[in-house]
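For the sequence shown, the residue numbers in our numbering are 213 to 377.
Be aware that one or more of the hints could be misleading.
To be verified - Quick list of in silico lysine to any residue cross-link-like pairs, SDA-like style, CA-CA up to 20 Å: (1) LYS352 - PRO318; (2) LYS348 - VAL301; (3) LYS352 - ALA313; (4) LYS352 - LYS297; (5) LYS297 - ALA313; (6) LYS297 - ARG337; (7) LYS297 - ASP322; (8) LYS297 - LYS348; (9) LYS297 - ALA329; (10) LYS297 - PRO318; (11) LYS348 - ARG300; (12) LYS297 - ALA330; (13) LYS297 - THR326; (14) LYS297 - ASP333; (15) LYS352 - SER264; (16) LYS297 - ARG283; (17) LYS348 - VAL358; (18) LYS352 - GLU291; (19) LYS348 - ARG308; (20) LYS297 - ARG271.
These are calculated hints, taken from the structure and not from any lab test.
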Amino acid sequence: MDSTWLFQELDAPLSFLDLPCLCSARSCSQDLRSTARERLAQLLLAAFELGSSAQSRRRWLSVLYRVAPLRLAARRAAEALLDSKEHRVVRTEACRLLEAAACPEPAALDALATAAAAEGDRFVRRALVDAARRHKAHGKAMEALVLLSEASVRVSEAFPSPLWL
213 MDSTWLFQEL
223 DAPLSFLDLP
233 CLCSARSCSQ
243 DLRSTARERL
253 AQLLLAAFEL
263 GSSAQSRRRW
273 LSVLYRVAPL
283 RLAARRAAEA
293 LLDSKEHRVV
303 RTEACRLLEA
313 AACPEPAALD
323 ALATAAAAEG
333 DRFVRRALVD
343 AARRHKAHGK
353 AMEALVLLSE
363 ASVRVSEAFP
373 SPLWL
(Lines of atoms letter the chains of each structure in order from A and count residues from 1; the text may use other names and numbers.)
(Lines give C-alpha, C1' and ligand atoms only; values in the text may rest on other atoms or scores of the structure.)
Protein backbone atom coordinates (compact mmCIF):
# COMPACT_ATOMS: atom_id res chain seq x y z
CA MET A 1 0.00 0.00 0.00
CA ASP A 2 1.38 3.38 -0.97
CA SER A 3 1.05 5.67 2.05
CA THR A 4 2.68 8.77 0.54
CA TRP A 5 -0.80 10.34 0.20
CA LEU A 6 -0.55 11.03 3.94
CA PHE A 7 2.20 13.54 3.22
CA GLN A 8 0.41 15.80 0.77
CA GLU A 9 0.99 18.92 2.85
CA LEU A 10 4.65 18.36 3.70
CA ASP A 11 6.75 18.04 0.58
CA ALA A 12 9.87 19.64 2.09
CA PRO A 13 10.20 17.38 5.14
CA LEU A 14 9.83 14.34 2.90
CA SER A 15 13.23 15.08 1.42
CA PHE A 16 14.72 14.11 4.80
CA LEU A 17 13.29 10.62 4.51
CA ASP A 18 14.98 8.03 2.41
CA LEU A 19 11.78 6.53 0.97
CA PRO A 20 13.45 3.59 -0.84
CA CYS A 21 15.13 2.70 2.44
CA LEU A 22 11.83 2.90 4.29
CA CYS A 23 10.05 0.85 1.63
CA SER A 24 12.64 -1.92 1.81
CA ALA A 25 12.59 -1.94 5.61
CA ARG A 26 10.80 -5.29 5.58
CA SER A 27 14.00 -7.03 4.54
CA CYS A 28 16.24 -5.03 6.89
CA SER A 29 17.32 -5.54 10.44
CA GLN A 30 15.21 -4.61 13.46
CA ASP A 31 17.56 -1.70 14.27
CA LEU A 32 17.03 -0.11 10.88
CA ARG A 33 13.27 -0.57 11.19
CA SER A 34 13.17 1.11 14.60
CA THR A 35 15.36 3.96 13.31
CA ALA A 36 13.06 4.49 10.34
CA ARG A 37 10.03 4.38 12.61
CA GLU A 38 11.57 7.00 14.93
CA ARG A 39 12.38 9.27 11.99
CA LEU A 40 8.84 8.92 10.67
CA ALA A 41 7.40 9.65 14.13
CA GLN A 42 9.51 12.81 14.37
CA LEU A 43 8.28 13.90 10.96
CA LEU A 44 4.67 13.28 11.92
CA LEU A 45 5.09 15.17 15.18
CA ALA A 46 6.51 18.12 13.26
CA ALA A 47 3.63 17.89 10.79
CA PHE A 48 1.14 17.97 13.64
CA GLU A 49 2.81 21.02 15.18
CA LEU A 50 2.90 22.85 11.84
CA GLY A 51 -0.59 21.88 10.71
CA SER A 52 -2.57 24.94 9.72
CA SER A 53 -6.15 23.71 9.71
CA ALA A 54 -8.00 21.73 12.35
CA GLN A 55 -8.71 18.90 9.90
CA SER A 56 -5.04 18.53 8.98
CA ARG A 57 -4.02 18.56 12.66
CA ARG A 58 -6.66 15.91 13.40
CA ARG A 59 -5.39 13.79 10.52
CA TRP A 60 -1.75 14.12 11.62
CA LEU A 61 -2.67 13.23 15.21
CA SER A 62 -4.45 10.11 14.01
CA VAL A 63 -1.50 9.03 11.85
CA LEU A 64 0.92 9.81 14.68
CA TYR A 65 -1.05 7.49 16.94
CA ARG A 66 -0.75 4.66 14.43
CA VAL A 67 2.95 5.11 13.69
CA ALA A 68 4.65 6.60 16.74
CA PRO A 69 5.39 4.80 19.99
CA LEU A 70 2.31 4.68 22.21
CA ARG A 71 3.88 6.82 24.95
CA LEU A 72 4.65 9.69 22.55
CA ALA A 73 1.26 9.53 20.84
CA ALA A 74 -0.66 9.36 24.13
CA ARG A 75 1.30 12.28 25.55
CA ARG A 76 0.63 14.40 22.47
CA ALA A 77 -3.06 13.46 22.48
CA ALA A 78 -3.30 14.42 26.16
CA GLU A 79 -1.65 17.78 25.44
CA ALA A 80 -4.09 18.43 22.59
CA LEU A 81 -7.00 17.49 24.83
CA LEU A 82 -5.92 19.90 27.56
CA ASP A 83 -5.30 22.81 25.17
CA SER A 84 -8.45 24.93 25.31
CA LYS A 85 -7.37 26.84 22.18
CA GLU A 86 -7.30 23.63 20.16
CA HIS A 87 -10.25 23.11 17.82
CA ARG A 88 -12.92 20.69 19.01
CA VAL A 89 -12.26 18.37 16.07
CA VAL A 90 -8.70 17.83 17.29
CA ARG A 91 -9.77 17.45 20.93
CA THR A 92 -12.45 14.92 19.93
CA GLU A 93 -9.88 12.94 17.94
CA ALA A 94 -7.54 13.03 20.95
CA CYS A 95 -10.34 11.55 23.07
CA ARG A 96 -10.94 8.81 20.52
CA LEU A 97 -7.24 7.96 20.43
CA LEU A 98 -7.06 7.78 24.21
CA GLU A 99 -10.14 5.57 24.13
CA ALA A 100 -8.51 3.23 21.61
CA ALA A 101 -5.36 2.81 23.71
CA ALA A 102 -5.43 -0.61 25.32
CA CYS A 103 -3.26 0.45 28.26
CA PRO A 104 -3.25 4.25 28.47
CA GLU A 105 -0.55 6.28 30.13
CA PRO A 106 -1.31 7.63 33.63
CA ALA A 107 -0.76 11.16 32.30
CA ALA A 108 -3.41 10.54 29.65
CA LEU A 109 -5.91 9.44 32.29
CA ASP A 110 -5.06 12.56 34.31
CA ALA A 111 -5.77 14.59 31.17
CA LEU A 112 -9.16 12.88 30.85
CA ALA A 113 -10.11 13.88 34.39
CA THR A 114 -8.79 17.43 34.01
CA ALA A 115 -10.49 17.97 30.66
CA ALA A 116 -13.75 16.52 31.99
CA ALA A 117 -13.85 19.15 34.72
CA ALA A 118 -13.53 22.10 32.35
CA GLU A 119 -14.93 20.97 28.99
CA GLY A 120 -17.74 23.07 27.58
CA ASP A 121 -18.17 21.53 24.14
CA ARG A 122 -20.82 18.82 23.98
CA PHE A 123 -19.10 16.81 21.25
CA VAL A 124 -15.84 16.66 23.17
CA ARG A 125 -17.77 15.80 26.36
CA ARG A 126 -19.41 12.87 24.56
CA ALA A 127 -15.99 11.63 23.38
CA LEU A 128 -14.66 12.08 26.92
CA VAL A 129 -17.50 9.94 28.28
CA ASP A 130 -16.73 7.20 25.76
CA ALA A 131 -13.01 7.26 26.60
CA ALA A 132 -13.58 7.32 30.35
CA ARG A 133 -16.15 4.52 30.13
CA ARG A 134 -13.67 2.36 28.22
CA HIS A 135 -11.06 2.75 30.99
CA LYS A 136 -13.39 2.87 33.98
CA ALA A 137 -11.25 0.38 35.91
CA HIS A 138 -8.71 3.16 36.46
CA GLY A 139 -9.45 5.64 39.25
CA LYS A 140 -8.83 8.76 37.16
CA ALA A 141 -11.18 7.61 34.42
CA MET A 142 -13.89 6.94 37.00
CA GLU A 143 -13.27 10.43 38.41
CA ALA A 144 -13.73 11.83 34.90
CA LEU A 145 -17.06 9.98 34.57
CA VAL A 146 -18.28 11.44 37.87
CA LEU A 147 -17.26 14.96 36.81
CA LEU A 148 -18.95 14.55 33.44
CA SER A 149 -22.18 13.29 34.99
CA GLU A 150 -22.22 16.22 37.42
CA ALA A 151 -21.68 18.60 34.51
CA SER A 152 -24.56 17.06 32.56
CA VAL A 153 -26.87 17.47 35.57
CA ARG A 154 -25.88 21.14 35.83
CA VAL A 155 -26.56 21.66 32.12
CA SER A 156 -29.95 19.94 32.27
CA GLU A 157 -30.94 22.07 35.27
CA ALA A 158 -29.87 25.25 33.49
CA PHE A 159 -31.66 24.33 30.26
CA PRO A 160 -34.71 22.18 31.06
CA SER A 161 -36.11 20.27 28.13
CA PRO A 162 -39.49 21.31 26.73
CA LEU A 163 -42.49 19.31 27.87
CA TRP A 164 -43.11 17.87 24.42
CA LEU A 165 -39.75 16.09 24.28
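Evaluation of the provided hints:
1. LYS352 - PRO318: Holds, at roughly 8 Å.
2. LYS348 - VAL301: Distance ~24 Å between LYS348 and VAL301 Cα, so the pair is violated.
3. LYS352 - ALA313: Satisfied, since the Cα-Cα distance of roughly 15 Å is no more than 20 Å.
4. LYS352 - LYS297: Answer violated: LYS352 to LYS297 is near 24 Å, above 20 Å.
5. LYS297 - ALA313: It is violated: about 24 Å lies between the C-alpha atoms, which goes past 20 Å.
6. LYS297 - ARG337: holds, 16 Å
7. LYS297 - ASP322: Answer holds: LYS297 to ASP322 is near 19 Å, not above 20 Å.
8. LYS297 - LYS348: violated, 27 Å
9. LYS297 - ALA329: It holds: about 16 Å lies between the C-alpha atoms, which stays within 20 Å.
10. LYS297 - PRO318: violated, 23 Å
11. LYS348 - ARG300: Roughly 23 Å separates the two Cα atoms, so the pair is violated.
12. LYS297 - ALA330: It holds: about 13 Å lies between the C-alpha atoms, which stays within 20 Å.
13. LYS297 - THR326: holds, 15 Å
14. LYS297 - ASP333: Roughly 12 Å between the alpha carbons, so the hint for LYS297 and ASP333 holds.
15. LYS352 - SER264: violated, 32 Å
16. LYS297 - ARG283: Violated - the C-alpha atoms of ARG283 and LYS297 are around 23 Å apart, more than 20 Å.
17. LYS348 - VAL358: Measuring from Cα to Cα gives roughly 11 Å; hence the hint holds.
18. LYS352 - GLU291: It holds: about 16 Å lies between the C-alpha atoms, which stays within 20 Å.
19. LYS348 - ARG308: Holds. LYS348 to ARG308 sits at ~15 Å (cutoff 20 Å).
20. LYS297 - ARG271: holds, 18 Å
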